[in-house]
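Asker: Please take these sequences and the hints and turn them into a complete structure.
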Amino acid sequence: MKCALIVFVKFPEPGKVKTRLGKDIGYEKAAELYTAFVEDMLDNLDQAGLYPVIAYDPFQPLDKYQEWLGDRTYISQQGADLGQRMFNALQSAFNLNFDSCILTGSDLPDLDPQLILQARQSIQKSPACIGPANDGGYYLVGFQKESLTDSIFKNMEWSTKRVFGTTISRLEKLEIQPAILPEHQDMDTMEDLERLHNNPRTQTLCPKSFTILRTILPH
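According to this note's numbering, the sequence shown is numbered sequentially starting from 1416.
Please keep in mind that the hints were generated in silico from the structure rather than gathered at the bench. Treat the hints with care, as some may be off.
Straight-line C-alpha distance at most 25 Å; calculated DSS-like pairs for lysine-lysine [unchecked claim]: (1) Lys1588 <-> Lys1576; (2) Lys1431 <-> Lys1444; (3) Lys1623 <-> Lys1438; (4) Lys1425 <-> Lys1479; (5) Lys1438 <-> Lys1425; (6) Lys1425 <-> Lys1569; (7) Lys1438 <-> Lys1576; (8) Lys1444 <-> Lys1479; (9) Lys1560 <-> Lys1588; (10) Lys1425 <-> Lys1576; (11) Lys1479 <-> Lys1623; (12) Lys1431 <-> Lys1560; (13) Lys1417 <-> Lys1560; (14) Lys1560 <-> Lys1540; (15) Lys1569 <-> Lys1588; (16) Lys1479 <-> Lys1431; (17) Lys1588 <-> Lys1540; (18) Lys1425 <-> Lys1444; (19) Lys1444 <-> Lys1623; (20) Lys1431 <-> Lys1576; (21) Lys1417 <-> Lys1540; (22) Lys1569 <-> Lys1431; (23) Lys1425 <-> Lys1623.
Quick list of the computed label-pair ranges, beta carbon to beta carbon [as the list claims (entries may be wrong)]: (24) Glu1572 <-> Pro1473: 19 to 29 Å; (25) Asn1614 <-> Ser1574: 22 to 32 Å; (26) Asn1613 <-> Asn1570: 35 to 45 Å; (27) Glu1587 <-> Asp1439: 37 to 47 Å; (28) Lys1479 <-> Asp1439: 21 to 31 Å.
Quick reminder that beta carbons are idealized off the backbone N, C-alpha and C, glycines included.
Answerer: Below you can see the structure in the form of structure tokens.
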């Protein structure tokens, strides 16, 4: 089964990325940190042989992303809200003749590639897979081609604690039983940064992020 891994990426312009963190650490530093998050994550995925497809936010042109991230497969995010953009990205990957597709965000610098490999294995046996985040959302979602549905992306209250539970409920109504992956979390708060900084694996798994974290957090 040919499986795509889509990573949602924004161009790291101050005030456009990690704005919640930017209120605490400054928008320039938040953009610098987000840059490191993306680069660490893609380095790890590349080393694991996963070669992600980049779904880029077109508020900046493609050539800027290519200059930053190099020669990769790119698809433009399209849609009025996050749900539409996610569904359209999955559909675009299936139009590239993939049989299954996994989608994740780019602010997961300490995401172990083994979790992605686990997702790829699960999607071979299950019609869908999902990775819950500890804030009530999810950090990863995937589908086999014939199971893709836009019902989990429509009229969703994104960035609330109800996202994961609502998604599971909607899938079950369609008799789609997703594989549930281990919990993970993205980087939205100072507490998240503290956790990342204090993780003994961070220096190895995301060295660029760790270097910047040391300039932000007190030692």
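Asker: Verify the proposed pairing of Lys1560 with Lys1588, using a straight-line Cα cut of 25 Å.
Answerer: Distance ~18 Å between Lys1560 and Lys1588 Cα, so the pair holds.
Asker: Between Lys1417 and Lys1540, is the straight-line Cα distance small enough, at 25 Å or below?
Answerer: holds (13 Å)
Asker: Between Lys1438 and Lys1425, is the straight-line Cα distance small enough, at 25 Å or below?
Answerer: Within the cut-off at roughly 18 Å; holds.
Asker: Does Lys1576 sit within 25 Å of Lys1425, going by the straight-line distance between their CA atoms?
Answerer: Answer holds: Lys1425 to Lys1576 is near 23 Å, not above 25 Å.
Asker: Can you tell me whether the CB distance of Glu1587 to Asp1439 sits inside 37 to 47 Å?
Answerer: holds (38 Å)
Asker: Take a quick look at whether Lys1438 and Lys1576 sit within 25 Å of each other, Cα to Cα.
Answerer: holds (22 Å)
Asker: Does the alpha-carbon distance linking Lys1431 and Lys1576 stay inside the 25 Å limit?
Answerer: holds (23 Å)
Asker: Does Lys1431 lie within 25 Å of Lys1479 when you go C-alpha to C-alpha?
Answerer: holds (15 Å)
Asker: Is it true that the CA of Lys1560 sits at most 25 Å from the CA of Lys1540?
Answerer: Distance ~13 Å between Lys1560 and Lys1540 Cα, so the pair holds.
Asker: Cβ-Cβ distance between Asn1614 and Ser1574: within 22 to 32 Å?
Answerer: holds (24 Å)
Asker: Check whether the Cα positions of Lys1425 and Lys1569 lie no farther apart than 25 Å.
Answerer: holds (22 Å)
Asker: So the hint says 19 to 29 Å: do the beta-carbon atoms of Glu1572 and Pro1473 match that?
Answerer: Roughly 25 Å apart at Cβ, these two residues keep to the hinted range, so it holds.
Violated hints amount to a single one, hint 12; each of the other numbered hints is respected by the structure.
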